[in-house]
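Using the sequences plus the hints, can you model the full thing?
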Amino acid sequence: MDLKGKKVIALGERDSVSGEAIADCVRTAGAEVVMVETECFV
Amino acid sequence: MDPENQGLIKATVERYGSDDLVVVLGAADLEGLEMVAETVTEGDPSYVGPLAGVQLGLPVVHIFEDDLRAQVDPAIYEDQIGFVELAVDSDAVKAAMKKLRGEG
Numbered sequence: 000m001d002l003k004g005k006k007v008i009a010l011g012e013r014d015s016v017s018g019e020a021i022a023d024c025v026r027t028a029g030a031e032v033v034m035v036e037t038e039c040f041v
Numbered sequence: 000m001d002p003e004n005q006g007l008i009k010a011t012v013e014r015y016g017s018d019d020l021v022v023v024l025g026a027a028d029l030e031g032l033e034m035v036a037e038t039v040t041e042g043d044p045s046y047v048g049p050l051a052g053v054q055l056g057l058p059v060v061h062i063f064e065d066d067l068r069a070q071v072d073p074a075i076y077e078d079q080i081g082f083v084e085l086a087v088d089s090d091a092v093k094a095a096m097k098k099l100r101g102e103g
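Heads up: the sequence lines are chains A and B, in that order.
For the first sequence, numbering that gives the first Met the number 0 begins at 0 and goes up steadily by one.
For the second sequence, numbering that gives the first Met the number 0 begins at 0 and goes up steadily by one.
It is worth saying that the hints were derived from the structure and are not from the lab.
Everything numeric in this text was worked out from a predicted model, so none of it was measured.
Certain hints may be false.
Short derived list, chain A residues pointing at chain B, Cβ under 7 Å [stated by the list, open to error]:
{"hint": "1", "residue": "Val-7"}
{"hint": "2", "residue": "Ile-8"}
{"hint": "3", "residue": "Ala-9"}
{"hint": "4", "residue": "Val-33"}
{"hint": "5", "residue": "Met-34"}
Below, computed lysine-lysine pairings styled on BS3-like, alpha-carbon distance capped at 30 Å [to be verified]:
{"hint": "6", "chain 1": "A", "residue 1": "Lys-6", "chain 2": "B", "residue 2": "Lys-93"}
{"hint": "7", "chain 1": "A", "residue 1": "Lys-5", "chain 2": "B", "residue 2": "Lys-93"}
{"hint": "8", "chain 1": "B", "residue 1": "Lys-97", "chain 2": "B", "residue 2": "Lys-9"}
{"hint": "9", "chain 1": "A", "residue 1": "Lys-5", "chain 2": "B", "residue 2": "Lys-97"}
{"hint": "10", "chain 1": "B", "residue 1": "Lys-9", "chain 2": "A", "residue 2": "Lys-3"}
{"hint": "11", "chain 1": "B", "residue 1": "Lys-93", "chain 2": "A", "residue 2": "Lys-3"}
{"hint": "12", "chain 1": "A", "residue 1": "Lys-6", "chain 2": "B", "residue 2": "Lys-9"}
{"hint": "13", "chain 1": "A", "residue 1": "Lys-3", "chain 2": "B", "residue 2": "Lys-98"}
Every residue, glycine too, gets a C-beta built ideally from N, C-alpha and C.
Structure, rendered in structure tokens:
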């Protein structure tokens, strides 16, 4: 999966990796982040 | 998955189309991963949210997966993800993702 040029929905989890952390990472790979959320499964 | 988030995902797909969209997950909870992956591909398994019966078929990957990690700036990855990856069973997450995609 080449992230460059992709539009990313970043869905994190409160007790693991947050949506914001995912977004920060995938932006460095050339992706555009179009939605960021951090879910709580508990 | 939270019905509110399902609505946001549905609106995002309607706005951008699904051709270039990718869902990147961060959860370490295997049941949670399965639920979210199913929701954005086959539809809401609990049939309560806006994605009930809606098969978006979006590609789903996890930030722990080697293929993604290789594309991310290593310093940012280490700063944002490294400590979480050490604290959870990332191998189980990677295996679960392959299984969810029917790869293993």
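Structure-based check of each hint:
The beta carbon of Val-7 (chain A) comes within 5 Å of a beta carbon in chain B, closer than 7 Å, and the hint placing it at the interface holds. Interface hint at Ile-8 (chain A): satisfied, since its Cβ lies 5 Å from the closest Cβ of chain B, which is below the 7 Å cut-off. Checking Ala-9 (chain A) against chain B: minimum C-beta separation of about 5 Å stays under 7 Å; hint holds. Against a cut-off of 7 Å between C-beta atoms, the interface hint on Val-33 (chain A) holds, since the closest Cβ of chain B lies about 6 Å away.
Hint status for Met-34 (chain A): holds, given a least beta-carbon distance of 5 Å to chain B, under 7 Å. A hinted pair counts as satisfied when its Cα atoms are at most 30 Å apart, and Lys-6 (chain A) with Lys-93 (chain B) qualifies at roughly 22 Å. Among the hinted pairs, Lys-5 (chain A) with Lys-93 (chain B) is consistent with the structure: their alpha-carbon atoms are about 21 Å apart, no more than 30 Å. Restraint check: the Cα-Cα separation between Lys-97 (chain B) and Lys-9 (chain B) comes to about 24 Å, which is no more than 30 Å; the hinted pair holds.
Between Lys-5 (chain A) and Lys-97 (chain B), the direct Cα distance comes to roughly 21 Å. Compliance with the 30 Å bound is thereby established for this hinted pair. Distance restraint check for Lys-9 (chain B) and Lys-3 (chain A): the Cα-Cα separation of roughly 23 Å lies within the 30 Å cut-off, and the hinted pair is therefore satisfied. Simply put, Lys-93 (chain B) and Lys-3 (chain A) have alpha-carbon atoms about 21 Å apart, close enough for the 30 Å limit, and the pair holds. For the hint pairing Lys-6 (chain A) with Lys-9 (chain B), the CA-to-CA distance comes to about 14 Å; that is within 30 Å, so the pair holds.
As the CA atoms of Lys-3 (chain A) and Lys-98 (chain B) are separated by approximately 25 Å, the hinted pair is consistent with the 30 Å bound.
Of the numbered hints listed earlier, not one is contradicted by the structure.
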